[in-house]
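Keeping the supplied structure of chain G fixed, place chain E upon it in accordance with the hints.
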Amino acid sequence: MAKGIISWIDRRFPLTAIIKHELTEYPTPRNLSYWWNFGFLAGFVLVLQILTGIFLAMHYKPDASMAFDSLQTIMRDVNYGWLLRYLHSTGASAFFIVIYVHMARTLYYGSYRAPRELLWWTGQVLLLSIMASAFMGYLLPWGQMSYWGAGVITNLFGATPFIGEAVVLWLRGDFAVGDATLTRFFALHYLFPFLVAGMVVIHLVSLHTVKSSNPSGINLEDKDNIPFHPYYTSKDGFGLGVYLIIFCWFVFFAPNTFIEAVNNNPANPLVTPPHIVPEWYFLPFYAILRSIPDLLGGVVAMVMSLLLFAVLPFADRSTIPGGARYRPIYRVTFFLFIADIFVLGYLGAQAPTGYVVPMGQVATFLYFATFFILPIVSKREDKWLRARLPQELLAQFDRTNALAKGQNKGDAP
Amino acid sequence: MSRLIALALCCLSYSAWASEEHKLAKVQVRTDVQSLERGAETVISMCTGCHSLKYIKYRDLLKLGIAKEKVNSWRGSNPPGTSIPSQMSPEVAVKGFGSIPPDLSLMAQARDGRANYLYSYLLGFYVTPDGKSGNHLFPGVKMPDVLGIAGARTPEERAQIEEKARDVTSFLMWAADPHEQERKKLGYYVIGYLVLLTVLLKLMKMRIWSRLRNN
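These protein sequences, in sequence, are chains G and E.
Position one of the first sequence corresponds to residue 9 (the numbering used here), numbered consecutively onward.
Position one of the second sequence corresponds to residue 429 (the numbering used here), numbered consecutively onward.
The shape of chain G in the complex, shown without the other chains (with noise of 0.2 Å):
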């Protein structure tokens, strides 16, 4: 029965070929750590930021007069309301802290490099449209942080030239924050979910193309490569049991610690918060705004040091493959770059008197310098070690590298 309704599927829409292509067949390196378990956990969080989004959109009044009662509705007299909720704005953290790993093992591995720069750049504009989501979502609640963070980085957008104030008054649909502003975010923090997951096919069909990078950057033989099913997929289902054991003692034990204690007093156009900042995941950019004396200097900055990640497939000059496992020289600037954006997410939460602004300028540039510095470095480097290095193993990343090019001009891998 069961076979029969398949094969009369598959007459008409090939299922069984895609789940062989996509599943049961597709090659996976065998050596893949859990550090490349953050993909599919993003994409797991992504589809329970949805579903329990769907179901608080029908409790919650996306209206000035009515949104900060309606959360305290969804909290108190909605069946498992405060259940909906705190998995929610638990799971924005979570999205983050999920994204920036899998993005840090990018860096680190030097997956972003040929043949994966489109999965890099289609990542990259990602994690764009899913700042976009959080950030609206946060005005949401309409608490005083909402209202005074959509006030202070709509404002940014004053810094276009020309037609600053336009943009400004286009994006809050008011001269101020307000109930337009409110209504507009509702629709497109609704909307933007859902052009996510459609980027994330287009992320996947990529990612299929190319296959996965693994922890030595060497392409590897047919012969190490195992079908994703079912290894990957009972790997993955390890990672997602602890993952979601620390994600469920945040939802039930410690809810609060991602709801700013400010933004539980409703959203006043009257009292300013005393102090200012926007949600963890958004501090280090906010330090290197801040860091440029000059508005447009400094949301310029902010939007560069977003977008320079998709520089470093050309900035990465080196021709040993993968990042920094035969690459020490990498390695510290991989670390280094990654505390630098520790200290400037330190930097982001404090208010800007004595050390924290000179500080956040010399972090702003050693972000910077780390993307200028790479392509000198990476060459460098690259002549030290082929001096040094087996030429057993230079062949090997010759070969790597010209299959890698290959895929590059468009042969079916």
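Derived from the structure by calculation, the hints contain no laboratory data.
Being a predicted model, the structure only gives us computed values, none of them experimental.
Accuracy of the hints is not assured; some may be wrong.
Once the Cα atoms are required to be at most 25 Å apart in a straight line, the calculated DMTMM-like pairs of lysine to aspartate or glutamate come out as [to be verified]:
| hint | chain 1 | residue 1 | chain 2 | residue 2 |
| --- | --- | --- | --- | --- |
| 1 | E | K485 | G | D85 |
| 2 | E | K613 | G | D85 |
| 3 | E | K482 | G | D71 |
| 4 | E | K482 | G | D187 |
| 5 | G | K69 | G | D85 |
| 6 | E | K630 | G | E33 |
| 7 | E | K630 | G | D187 |
| 8 | E | K482 | E | D531 |
| 9 | E | K451 | E | D573 |
| 10 | E | K485 | G | E33 |
Frame of chain G; chain E shown alone:
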């Protein structure tokens, strides 16, 4: 506009830093019905003179387990589904204080430091040299020292007021998040289930991956 915001940021962040100098006392919040009932008693007899608790209905107090007679005496002729109101009309409040006293439903979660802030604030009152009421955490506070901590003479009297402040804090913590106990109880089951599931998933993963070693 942006300059104004920046200026406001600077001024206010400075004052926030200044007030952080006063260390918050740590409070052990209670969750038993007796403590919450005592807290509710104090809040309704003292705080609702000026403050409302608009997200808490009298019915919620019944659900919490407070005796019906007591809740009935608090609500008077109001139906059980009424939100706990402030006894002071907004007009009178604005006349007397210059602003409407904030709603207390979420107060225990609405300040940095949360329960500790609330507890320390209630006990932070003192009498200034010129005989006025001041508060260590809230310079220029308009609210009077309702628990009377500034006037406490003996250690016993002080301990009594601290106890009262603790009950009020406990009740307002409940009011800010009435499902907390239910949430934590469910949390133990959820985490327990997940740990079991994760162990099984790990075993399954090991079993599947062991095939690779055999060939």
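Each hint, compared with the structure:
no. : hint              : result
1   : E:K485 <-> G:D85  : holds, 11 Å
2   : E:K613 <-> G:D85  : holds, 18 Å
3   : E:K482 <-> G:D71  : holds, 19 Å
4   : E:K482 <-> G:D187 : holds, 22 Å
5   : G:K69 <-> G:D85   : holds, 15 Å
6   : E:K630 <-> G:E33  : holds, 23 Å
7   : E:K630 <-> G:D187 : violated, 49 Å
8   : E:K482 <-> E:D531 : holds, 7 Å
9   : E:K451 <-> E:D573 : holds, 19 Å
10  : E:K485 <-> G:E33  : violated, 59 Å
Checked against the numbered hints given earlier, the structure breaks hints 7 and 10 and satisfies all the rest.
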